[in-house]
Amino acid sequence: MKILIIEDEKELVKSIGQFLRQEGYVCEVAMNVEEAIQKILLYEYDCILLDISLPDGNGLYILEKLKEKNKNEGVIIITAKNSLDDRVKGLNLGADDYLAKPFYLPELSARVSAVIRRKHFDGQMKIVFNEISVDLSGKSVKVKDQAVELTRKEYELLLFLLSNKNRVTSKNAIAEHLSGDDAELLDTFDFIYAHIKNLKRKLQDAGSPDYIKTVYGLGYKLTI
Amino acid sequence: MRLLQRSLRTLLLYSLILVVISVPVSLFSISTILNGEVDESLALQADQFLLHIKSFAYLDDLETDLKVLDQLSYNIHIKPSAEQIIINKYETISLYDSVESVFRPFRQLSANVTIKGKPYLLSVQMSLVDNDKLVLVIGLVQTALIILLIAGLLLLNRSMSRKLWEPFYITLSQLKAFELDKSRSIEGAMTDIIEFDDLNKAAGNLTERSRKVYLQQKEFIENASHELQTPIAIFQAKLDTLMQHPGLSEKEATTIMELEDTAKRMARLNKNLLLLSKIDNQQFSELEEFELSFIIENLLSNLQSIAVLDGISISVTTEPINILANKTLIEILLTNLFHNAIRHTIKNGNVSVKLRDRVLSVSNSGIPLKMNADTLFERFSKESSNTNGTGLGLAIVKKICDTCSYHVSYRYENSLHIFSVVFPS
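Respectively, the protein sequence lines represent chains A and B.
Using our numbering, read the first sequence as starting at 1484 and increasing by one per residue.
Using our numbering, read the second sequence as starting at 11 and increasing by one per residue.
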C-alpha cells in the first residue's frame, strides 16, 4: 500500500512516515503543491495525507486537480486550521476524511486503514487477525467461527487496536478515539481499563489467546 | 442635570439679582432726577414771584396783599421773618391733601427775601410723585420683565437644546451603542459648530484606533493558536513514535505519559483559544433551524457512560423546541455546559438537565463556589487548579450566548449549581 504525505513540516513528515512504515505502508513525501502535483500525475497512491496550508499554495488545489484527472485516491486532510469552511470545501471536493492537528498517530493510522478499506473493497471487507475476524459491513466479530457479542465501544476499541497492531497505543489516544471531546472529562483511565478488560474477557471466552497486552504506564498493544 | 439647564440656572439667577437690584437703583435715580427738575422749577417760580413783587414795590398796601396772598395761595407762602441772611433751602415735606385725605410728598423751597426793606420767608411748594406708587410701578414693570425673561429663556433653552445639541446627542448615542467587537467606528455628521466637529473627529479616531487594536489582537490570537497547532502535532507525533521503542523502562514510560498529558493539555487549551477567536471572527455564521431537545439527549447519552464512572446520575426532561442557530455552536455550548456540570459534581451526585419554556437549566450538586461568581464566565478563572478543565469552557459558553443573543446566568440554590440559558423565541 502506497501513501503520499503532502506536508511541509519536516519533523511531522518524519514521524508520520516512520509510524506508517511500521504498519507496512510505503510512504512518499511532497513538501509543496508543485511537488505534490507532479507525484500524483505520475504515480498511483492508495491514500494521500494532505495538509491544506502549504508554502506555495492551498492544498485544496491538489484536491481539485485529483478530481479533474478522475483519480480516486483516498484523501485525508490534515490541517492546523480546522475551520469549518475548509472541512466542508475539502469534503465537497472529494476528500474522504478530515483530521485536525494535533492528532495521535494511532488515530491517523486507523483513519488511513479505514480509507484504504473503503476505496479498495467498497467497505465489504473482513479484517482477519489469526483467530479473530471482523466483518466490517455487518460490524460483527468472530473468533474462529464463534460469534462474539461486543458493545459498540468494545467493537470500536478492537478495530482501533487492530489498525495499530504490533504498536503501542496510548490510553489518551484510545480515550479520544472512543469518546472524542468527552474524553476531556476522564480524570482517570478506569473507563478505558474497563472496556479493555471486557473486550479481553469476551475474546478469550470465545477461545482466542490473549493478544491485547498491557504496556506498563503507556497503554495497550495488540500483538501475537 | 443637563448642561443647558445648568447654564440656564446661572443665567436666571443672575437676571433675578439684576432685577432685584435694579428696583431701588431706578427708584433712587428717578427720584433724584425728578427732585432736580422740581427744584429748578421751584427756583424759577420763586424768582418769577420776586420779580413780580418787585414791580409792585411802590404799593403802600403791599404788605396786606402779601398776607392775603399767603392765605389764598396753595403753593406759595410768604411770611414776615426775623432772619436776615438769605439762604435757599430745598426740602421734601409731607402735606395734607384735603381732597384725597392723605398726606402727600411735596418739594419745598424756602428762601429769605427782603421786600420793602423787610425780611420775609418765601416758601414755594410743588407736589411730588408718591414714592410708594413709584416703587409699585417699577416693581410691577420689573416683575413683568422677569416673568417674560424666564419664560423666554426656558422656551429658547428647550428649542435650543433640541436643535443646537442634536449632533452632540447623536454622537453620544453612537458612543453608547459602540461595541468593539460588533460596530464599525463612529463617523459623526459634519455640523457647523467647531466643538461638535472636533468631538466627532476625536470620537471617530478613538473608536477607529480601538477597533484596529482589537482586530489586530484578535488576528494575533487566531494566528498564534494556528501556528501552535503544528508544533504540538509534532510533539505528539514524536511521543507516539518514541512509545514504540522496545525496552523502555518504567521510568521512561511514565515520563512519556506525563509528556503526553502535557501535550494533551496544551492541545486543549489551544483548541479552546482558537475556538474563542473563531467565534469572535464570526466563522460560525451559517444558521439552520433544528430541534434542540434532540441534540441535548444525543449529547447526554454519550456522556452517560463517562458520568457513571463517578457514580454521577444524569436526569433529563425536555420539551421539543425549534431554534434557528448555528448547529456546531450550539453543540459546543451544550457540551461545555454538560462537561462543566459533570466535572464539578461531587462523587455520586446528580446532574439534572431541564428544557422548559425555552429555558435550559443545567444543575449539578456540589459544594458552594470559593471564587467570586461574577468572574465565573471570565477566561482562565478556575475554581481549583487540579481539575482537568482549561478554564475556558464557561468563557466559551458566555461568548456563544453573547453571539447568539441568549441570556446565560448562574446561581447557587439548595446545594445546586444552576446554569440557565434563555433562548428567546
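For the record, the hints were derived by calculation from the structure and aren't laboratory data.
A few of these clues could be false.
Stated by the list, open to error - Computed list of lysine-lysine pairs in BS3-like fashion (alpha-carbon distance at most 27 angstroms, straight line):
| id | chain 1 | residue 1 | chain 2 | residue 2 |
| --- | --- | --- | --- | --- |
| 1 | A | K1493 | B | K248 |
| 2 | A | K1497 | B | K261 |
| 3 | B | K288 | A | K1564 |
| 4 | B | K357 | A | K1485 |
| 5 | A | K1625 | A | K1564 |
| 6 | A | K1680 | B | K288 |
| 7 | B | K261 | A | K1704 |
| 8 | B | K248 | A | K1497 |
| 9 | A | K1704 | B | K288 |
| 10 | A | K1636 | A | K1704 |
| 11 | A | K1680 | B | K357 |
| 12 | B | K222 | A | K1636 |
| 13 | A | K1648 | B | K261 |
| 14 | A | K1564 | B | K261 |
| 15 | B | K77 | A | K1564 |
| 16 | A | K1627 | A | K1564 |
| 17 | A | K1564 | B | K222 |
| 18 | B | K248 | A | K1696 |
Unchecked claim - Among the chain B residues that face chain A by a calculated CB cut under 7 angstroms, a handful are:
| id | residue |
| --- | --- |
| 19 | Q239 |
| 20 | T251 |
| 21 | T264 |
| 22 | A277 |
| 23 | S311 |
| 24 | N312 |
What the hints assert, rightly or not - Computed Cβ-Cβ distance ranges for the label pairs, DEER-style:
| id | chain 1 | residue 1 | chain 2 | residue 2 | range |
| --- | --- | --- | --- | --- | --- |
| 25 | A | R1601 | B | E262 | 49 to 57 angstroms |
| 26 | A | R1601 | B | S295 | 52 to 60 angstroms |
| 27 | B | A199 | A | P1538 | 45 to 53 angstroms |
| 28 | B | Q292 | A | E1494 | 50 to 58 angstroms |
| 29 | B | H255 | A | K1572 | 37 to 45 angstroms |
| 30 | A | E1494 | B | K261 | 24 to 32 angstroms |
| 31 | B | S295 | A | S1536 | 16 to 24 angstroms |
| 32 | A | L1576 | B | S259 | 45 to 53 angstroms |
| 33 | A | N1515 | B | E260 | 36 to 44 angstroms |
| 34 | A | N1515 | B | S183 | 32 to 40 angstroms |
In this text, all values refer to a predicted model and were calculated from it rather than measured experimentally.
We put the CB at the ideal spot given by N, CA and C, even for glycine.
The hints, checked one at a time:
no., hint, verdict
1, K1493(A) - K248(B), "holds, 12 angstroms"
2, K1497(A) - K261(B), "holds, 26 angstroms"
3, K288(B) - K1564(A), "holds, 10 angstroms"
4, K357(B) - K1485(A), "violated, 50 angstroms"
5, K1625(A) - K1564(A), "violated, 41 angstroms"
6, K1680(A) - K288(B), "violated, 40 angstroms"
7, K261(B) - K1704(A), "holds, 19 angstroms"
8, K248(B) - K1497(A), "holds, 9 angstroms"
9, K1704(A) - K288(B), "violated, 38 angstroms"
10, K1636(A) - K1704(A), "holds, 17 angstroms"
11, K1680(A) - K357(B), "holds, 23 angstroms"
12, K222(B) - K1636(A), "violated, 49 angstroms"
13, K1648(A) - K261(B), "holds, 24 angstroms"
14, K1564(A) - K261(B), "violated, 36 angstroms"
15, K77(B) - K1564(A), "violated, 129 angstroms"
16, K1627(A) - K1564(A), "violated, 45 angstroms"
17, K1564(A) - K222(B), "holds, 23 angstroms"
18, K248(B) - K1696(A), "holds, 22 angstroms"
19, Q239, "holds, 4 angstroms"
20, T251, "holds, 5 angstroms"
21, T264, "holds, 5 angstroms"
22, A277, "holds, 5 angstroms"
23, S311, "violated, 11 angstroms"
24, N312, "holds, 6 angstroms"
25, R1601(A) - E262(B): 49 to 57 angstroms, "violated, 38 angstroms"
26, R1601(A) - S295(B): 52 to 60 angstroms, "violated, 32 angstroms"
27, A199(B) - P1538(A): 45 to 53 angstroms, "holds, 48 angstroms"
28, Q292(B) - E1494(A): 50 to 58 angstroms, "violated, 34 angstroms"
29, H255(B) - K1572(A): 37 to 45 angstroms, "holds, 39 angstroms"
30, E1494(A) - K261(B): 24 to 32 angstroms, "holds, 25 angstroms"
31, S295(B) - S1536(A): 16 to 24 angstroms, "holds, 22 angstroms"
32, L1576(A) - S259(B): 45 to 53 angstroms, "holds, 47 angstroms"
33, N1515(A) - E260(B): 36 to 44 angstroms, "holds, 43 angstroms"
34, N1515(A) - S183(B): 32 to 40 angstroms, "violated, 53 angstroms"
Checked against the numbered hints above, the structure breaks hints 4, 5, 6, 9, 12, 14, 15, 16, 23, 25, 26, 28, 34 and satisfies the rest.
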